[in-house]
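Asks: Spelled out, the chains give:
Protein chains: 4
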Amino acid sequence: MGKRVRARELGIEIGEMEPGRLNAITDVEGVGVGQVTLIRGDGPLKVGEGPVRTGVTAIVPHQGNPYEEKVTGAVDLFNAYGKSTGLPQVIHMGVIETPIMLTDTLNTWLVADAVLDYFREHYDILPLSINPVVGETNGGFLNDSFGRHVGKEHVFKAIDIARSSKGMGPVEEGNVGGGTPMTGYGFKGGTGTSSRVYEGFTLGALVQLNCGRREDLRIDGVPVGREIEMPSPEGREPGNSIMMILATDLALTSRQLGKVAKRAIMGLARTGSYGGVSSGDFVIAFTTGRESVDDFLEMMPERYSRGLGEGFLNIVYRAAADATEEAIINALFKAETMVGRDGNTRYGLPLDQVAEIFEKHGRSLY
Amino acid sequence: MGKRVRARELGIEIGEMEPGRLNAITDVEGVGVGQVTLIRGDGPLKVGEGPVRTGVTAIVPHQGNPYEEKVTGAVDLFNAYGKSTGLPQVIHMGVIETPIMLTDTLNTWLVADAVLDYFREHYDILPLSINPVVGETNGGFLNDSFGRHVGKEHVFKAIDIARSSKGMGPVEEGNVGGGTPMTGYGFKGGTGTSSRVYEGFTLGALVQLNCGRREDLRIDGVPVGREIEMPSPEGREPGNSIMMILATDLALTSRQLGKVAKRAIMGLARTGSYGGVSSGDFVIAFTTGRESVDDFLEMMPERYSRGLGEGFLNIVYRAAADATEEAIINALFKAETMVGRDGNTRYGLPLDQVAEIFEKHGRSLY
Amino acid sequence: MGKRVRARELGIEIGEMEPGRLNAITDVEGVGVGQVTLIRGDGPLKVGEGPVRTGVTAIVPHQGNPYEEKVTGAVDLFNAYGKSTGLPQVIHMGVIETPIMLTDTLNTWLVADAVLDYFREHYDILPLSINPVVGETNGGFLNDSFGRHVGKEHVFKAIDIARSSKGMGPVEEGNVGGGTPMTGYGFKGGTGTSSRVYEGFTLGALVQLNCGRREDLRIDGVPVGREIEMPSPEGREPGNSIMMILATDLALTSRQLGKVAKRAIMGLARTGSYGGVSSGDFVIAFTTGRESVDDFLEMMPERYSRGLGEGFLNIVYRAAADATEEAIINALFKAETMVGRDGNTRYGLPLDQVAEIFEKHGRSLY
Amino acid sequence: MGKRVRARELGIEIGEMEPGRLNAITDVEGVGVGQVTLIRGDGPLKVGEGPVRTGVTAIVPHQGNPYEEKVTGAVDLFNAYGKSTGLPQVIHMGVIETPIMLTDTLNTWLVADAVLDYFREHYDILPLSINPVVGETNGGFLNDSFGRHVGKEHVFKAIDIARSSKGMGPVEEGNVGGGTPMTGYGFKGGTGTSSRVYEGFTLGALVQLNCGRREDLRIDGVPVGREIEMPSPEGREPGNSIMMILATDLALTSRQLGKVAKRAIMGLARTGSYGGVSSGDFVIAFTTGRESVDDFLEMMPERYSRGLGEGFLNIVYRAAADATEEAIINALFKAETMVGRDGNTRYGLPLDQVAEIFEKHGRSLY
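From first to last, the protein sequence lines are chains A, B, C and D. Just so we're aligned, residue 1 is where the first sequence starts under our numbering, counting upward by one. Just so we're aligned, residue 1 is where the second sequence starts under our numbering, counting upward by one. Just so we're aligned, residue 1 is where the third sequence starts under our numbering, counting upward by one. Just so we're aligned, residue 1 is where the fourth sequence starts under our numbering, counting upward by one.
Hints are computed from structural coordinates only; laboratory data are not their basis. Just to be clear, a hint being listed does not mean it is correct.
Identical copies carry no separate label here, and so any pair may be met within one copy or between two of them.
Claimed, not checked - For lysine-lysine, the following BS3-like pairs were computed, each having C-alpha atoms within a straight-line distance of at most 30 Å: (1) K46 / K360; (2) K46 / K70; (3) K152 / K166; (4) K157 / K70; (5) K70 / K360; (6) K157 / K360; (7) K3 / K157; (8) K166 / K3; (9) K152 / K70; (10) K3 / K46; (11) K70 / K166; (12) K46 / K157.
None of the values given here were measured: they were computed from a predicted structure.
With the hints as extra help, turn the sequences into a complete structure.
Replies: If you want it as structure tokens, here you go:
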């Protein structure tokens with residue numbers, strides 16, 4: 001099946017906007033991503049022992065202490081089946097005050113609890129109250145989920161990486177961090193990222209992809225899932241849930257970010273998902289606030305400053321939908337075949353077949 | 001440009017489910033649609049005189065008195081820029097008690113008021129309180145909108161048609177009823193409809209399409225808008241807003257219908273919209289309640305009855321997204337070029353070019 | 001029963017904050033209130049003729065053109081049974097762009113439509129789209145509601161008054177404007193207002209009171225409704241619904257105003273309402289934005305600037321609850337007994353009995 | 001100060017409805033409450049060691065396995081500052097599938113995680129996904145909150161008690177369970193409960209009270225907080241947040257329960273709270289579904305079956321507001337003075353003074 005590449009390396013470019021330098025959420029200045037991946041053992045499930053196919057992803061909104069310098073945030077509960085922590089308070093207060101963590105469902109609460117310890121041991125504050133934001137998708141098809149193998153040390157390490165120059169660099173995709181055991185459209189899913197820039201403004205998306213039915217997969221409109229030739233995916237539930245994180249440097253209000261978050265769902269829809277009943281499809285958005293909306297407006301053609309005083313949001317909406325769509329495709333493109341507990345297997349999306357299907361649809365890739 | 005046909009007549013079939021007999025919202029038994037179209041005058045805009053390019057669409061949930069036999073309903077305020085009436089109460093009470101009316105923005109309130117009169121004069125009740133549901137999109141590019149040319153008699157006639165065997169038949173699409181002056185993806189838009197059936201359950205969608213940017217138009221994934229060759233659409237705002245109405249006969253609760261309504265947005269997203277800032281993208285859903293969920297479950301494969309007790313909704317979600325997507329395409333396919341006030345012109349989607357673009361993308365249409 | 005006075009004239013002072021100069025919503029600089037009252041005819045109901053007991057209230061957020069200088073706004077749909085127009089867009093955009101109108105239920109849509117005309121004829125703009133905010137309660141116990149006697153001329157006059165020095169002065173209470181036929185806690189209700197000031201910041205409330213059961217009425221905690229001696233109120237439904245309008249000059253965001261709006265409900269609860277099933281209890285809040293939050297914070301004791309960065313809101317919450325509570329009591333105190341259609345009668349709250357009951361509860365009034 | 005009694009033992013009866021046999025949430029058949037209280041150590045705070053003033057409360061909706069027999073539920077996020085887990089999914093799915101746990105803020109996530117273990121070890125299932133509902137208020141004024149002293153064994157024990165005949169009996173109030181270290185209106189707060197019955201239907205409330213300012217406290221309308229003579233409460237924040245749990249046996253839908261939940265806020269308002277900025281005021285409601293709405297309607301006077309088909313809810317609203325109000329007062333009445341970390345002290349509400357103040361207000365208590 002050859003080397004796994006990002007969508008853009010194969011010539012697939014979603015939408016008309018340009019990606020940032022890294023085509024990653026870390027194109028938003030200050031944002032850092034740290035991922036810790038745990039892969040250990042094989043064979044039959046022994047709860048508490050393994051096989052282990054899990055991990056944790058940390059996203060810091062800036063390199064400082066987010067509890068002291070909270071960032072403006074918002075949430076969209078599109079399909080709110082899921083155990084994420086901290087979301088009602090983000091909606092209520094309009095701010096995020098911790099790193100955003102992504103992991104496997106049943107590990108959610110221990111990860112939230114470990115974030116609390118991190119603040120004491122690394123940020124050197126004793127929080128009287130803190131609102132860890134943890135998102136999750138269910139990796140139980142490959143992982144000993146009940147075993148909750150992500151511990152305090154992994155959480156600490158993920159945040160430490162996110163708070164470093166490495167964390168602000170390129171983001172590993174596929175079977176890494178919280179995305180390690182996940183499934184996307186019946187193929188191996190996981191972590192994916194992408195970004196868009198426009199006149200000095202940047203928006204980045206990072207997804208933990210674990211949703212969708214194979215037949216529904218669309219890549220840039222091409223019905224890849226329907227035409228691919230492969231045996232049906234194992235397991236009665238071919239994956240479920242997706243966490244979508246959006247970061248921008250444009251100083252939007254929480255109300256505006258909430259509307260931007262909804263456009264991630266539009267990007268998701270374009271890849272074929274119907275937002276299934278047992279899927280939890282959440283969007284968490286934040287802004288570092290580095291770029292003022294006024295400066296942004298000055299650089300835009302006049303028509304964008306119209307539109308109810310918020311016409312400039314159209315660019316941001318477009319960036320959110322496109323970057324989310326491309327992040328989902330990147331997750332599929334980079335995730336390699338993985339064998340997990342009880343021999344359960346998820347196959348990586350066969351990129352050679354994707355290229356052939358694109359060819360059939362009049363689109364030559366590299 | 002030849003005869004205007006529905007998408008399916010050209011060989012475009014959205015998704016894997018079957019449409020109903022009419023491929024229209026009226027496939028849901030008892031649902032009736034009445035449309036009154038007003039086209040009058042040409043030349044420069046004289047407010048209050050014309051040119052008139054407007055109309056009104058009435059959708060009755062059943063052939064009885066909806067105030068006395070209210071239907072379970074729900075609303076999704078995805079992009080809630082717009083003047084629709086009655087929506088907060090539908091969300092609160094979970095029922096709809098009047099016909100659903102669709103018209104031009106500035107005519108919204110007079111249409112709501114006329115619905116009140118209709119109840120006294122035709123349903124023979126003197127309402128002490130009633131909640132007319134009126135949706136709107138802005139037809140001001142072609143129509144003398146401020147003139148508010150839809151009067152009581154047109155509202156009455158539209159409801160009368162909806163309450164008749166004609167109203168329960170095929171639904172006219174394109175430049176009819178409330179959809180008369182509307183724009184879709186820079187082309188002439190208007191009214192469109194479609195439906196899906198599955199084991200005795202039916203879901204229908206009707207849209208009043210007035211949103212989208214030409215370059216963004218996708219038809220079944222094919223980037224038609226980007227490849228079509230035509231001069232840029234006139235008018236700085238190439239249309240905005242869409243009303244999406246969903247009807248089903250499956251006896252869902254209001255909470256379930258609310259989730260179904262969100263899937264219409266996924267159908268919209270697949271046609272290319274980003275849900276622009278000055279667009280109002282609303283979904284109103286109702287059920288006639290004729291088909292019990294229990295009966296439905298008996299006819300389904302076992303896997304559908306799983307999934308948190310609501311696994312069967314996956315079929316309904318799919319029907320909602322697919323029928324909405326196809327209804328949007330039908331509106332574009334059936335709407336003919338129209339010249340309106342001040343000579344403003346919207347061109348019908350050139351179906352021959354659509355066929356060529358599909359051909360280029362490896363998809364031969366008829 | 002003697003002269004009708006405001007609660008404070010009898011010595012009832014709600015909460016610990018000071019009212020503004022007028023103890024009215026018009027204490028917020030620039031806010032104007034105009035009320036047109038229609039009282040005509042007696043005897044049996046003849047639909048379309050009378051008896052007429054109705055009116056309309058206009059609240060302008062400032063003396064300029066609100067469409068061009070929109071004000072930040074928010075809405076709380078606590079008990080969303082009701083036909084108000086414009087609320088979803090206020091929630092979505094976070095702004096209000098027209099006067100806020102209050103009237104009788106079935107007149108809602110004609111009032112909204114008349115607001116549109118007002119903009120052309122008085123503000124000299126031809127709106128292509130506008131979002132009139134109209135609130136309503138149901139006056140049908142006394143008024144020929146179906147007759148919809150509030151016409152364009154009354155709407156125009158109410159807004160004209162609101163846009164004048166008279167409109168910025170004291171606000172008439174009781175049987176005036178939209179409040180004319182309304183019922184409160186089984187007594188005659190109607191329009192009421194109150195305000196609070198604190199270190200240069202002002203918040204005002206205006207209510208159109210039409211809700212509550214007599215036995216539940218509490219005045220500053222005293223169970224007046226339970227102890228008053230009067231025959232049971234006529235009519236099976238002793239009134240329902242309340243519109244609560246909050247205005248402030250503090251430059252809050254829409255998200256913050258939304259939280260302030262919820263505190264009006266707490267003020268309502270203290271007067272005894274349970275938010276009944278057929279009651280529509282809505283709050284609409286806006287800010288003129290004249291006073292910056294930063295200036296406000298400088299004048300406050302340090303402890304108020306703490307509290308999640310929004311500690312200062314505690315003062316605003318308190319003002320909102322207290323002013324709403326007192327506005328409700330003022331409506332009851334000022335509304336005189338009224339006889340309406342079919343001889344239906346609502347009695348004014350007997351203030352002498354109120355004083356006696358307060359006395360019994362250890363509280364001597366004047 | 002004498003023996004601490006419940007409000008009703010002193011003659012304070014909130015509202016006109018009757019309480020159930022126990023005047024507790026456990027009057028709802030099958031509902032069980034288990035509380036584990038941890039009080040250990042004195043003197044200066046040593047994080048991780050103590051002093052310990054904490055605990056955990058478990059509420060089981062029935063004596064079976066709630067994951068397998070989920071109960072219909074709803075949530076009101078009135079003032080959504082707080083770290084509760086599981087609430088978005090309850091809103092989304094309309095069901096609760098675990099015991100509801102109440103504890104100290106920073107212990108929230110470990111309690112949620114322990115609930116997961118309980119299902120494996122006691123209900124004998126291996127959950128692949130589960131949504132523990134944990135509510136919290138902040139006990140840090142008296143407790144070593146960061147120490148997170150509530151462990152798995154305490155969670156297990158609390159649920160075990162709730163699942164027993166003891167758990168279905170009278171509920172201990174005051175300094176017990178999750179309520180152990182809490183503050184209410186500047187006095188010692190904690191756990192409180194009350195119930196209402198009507199023609200075979202029962203509704204119970206249980207609160208974990210930790211909010212309010214002393215001066216604002218009202219007891220049945222009497223301004224006790226303003227008139228009581230005591231030194232000002234220590235600590236700059238005199239307590240914050242309240243969790244309100246409602247249980248009923250009436251088979252309401254999730255949409256209806258959501259409206260019932262809002263009435264708990266009205267009960268809270270009557271005790272004087274303004275819903276402060278750093279307060280988290282949450283309501284979680286569920287129904288055991290034992291009593292059908294149809295049966296209930298048959299036993300009611302006709303006027304209750306009217307009102308939009310939901311007129312019967314008025315009784316349920318009243319029960320929710322009244323039971324919540326009384327539960328809050330019971331928490332204050334039963335909670336004894338407590339000294340905690342660093343000698344911090346909260347004084348129990350002086351009941352003798354309460355009686356005197358009532359006397360002054362014309363109300364003789366026993």
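Asks: Hint by hint, say whether it matches the structure.
Replies: Here's how the hints hold up against the structure:
1. For the homomeric pair K46 and K360, neither the shortest alpha-carbon distance inside one copy (46 Å) nor that between copies (53 Å) is at most 30 Å.
2. When the C-alpha separation of K46 and K70 is checked against a cutoff of 30 Å, the pair qualifies only between copies, where the shortest distance is 28 Å, while the shortest distance within a copy is 41 Å.
3. In this assembly of identical chains, the alpha carbons of K152 and K166 lie at most 30 Å apart only when taken from the same copy (21 Å versus 38 Å across copies).
4. Taking the closest pair of Cα atoms, K157 and K70 come within 30 Å of each other only inside a single copy of the chain (22 Å); across copies the shortest separation is 38 Å, beyond that limit.
5. Taking the closest pair of Cα atoms, K70 and K360 never come within 30 Å of each other, the shortest separation being 49 Å inside a single copy and 49 Å across copies.
6. Taking the shortest alpha-carbon separations for K157 and K360, neither the intra-copy value of 46 Å nor the inter-copy value of 51 Å comes in at or below 30 Å.
7. Proximity of K3 to K157 under the C-alpha cut-off of 30 Å is restricted to the intra-copy arrangement: shortest distance 29 Å within a copy versus 54 Å between copies.
8. For the identical chains of this complex, K166 and K3 are intra-copy neighbours only, at 24 Å inside a copy versus 60 Å across copies, given an alpha-carbon limit of 30 Å.
9. Within a single copy, K152 and K70 get their C-alpha atoms as close as 23 Å, which meets the 30 Å cut-off; across copies the closest is 32 Å, which misses it.
10. With identical chains, the CA atoms of K3 and K46 are never at most 30 Å apart, being 33 Å at best within one copy and 55 Å at best between copies.
11. Taking the shortest Cα distances, K70 and K166 sit within 30 Å of each other inside one copy (23 Å), while across copies they are farther apart (46 Å).
12. Within a single copy, K46 and K157 get their C-alpha atoms as close as 26 Å, and across copies as close as 27 Å, so both meet the 30 Å cut-off.
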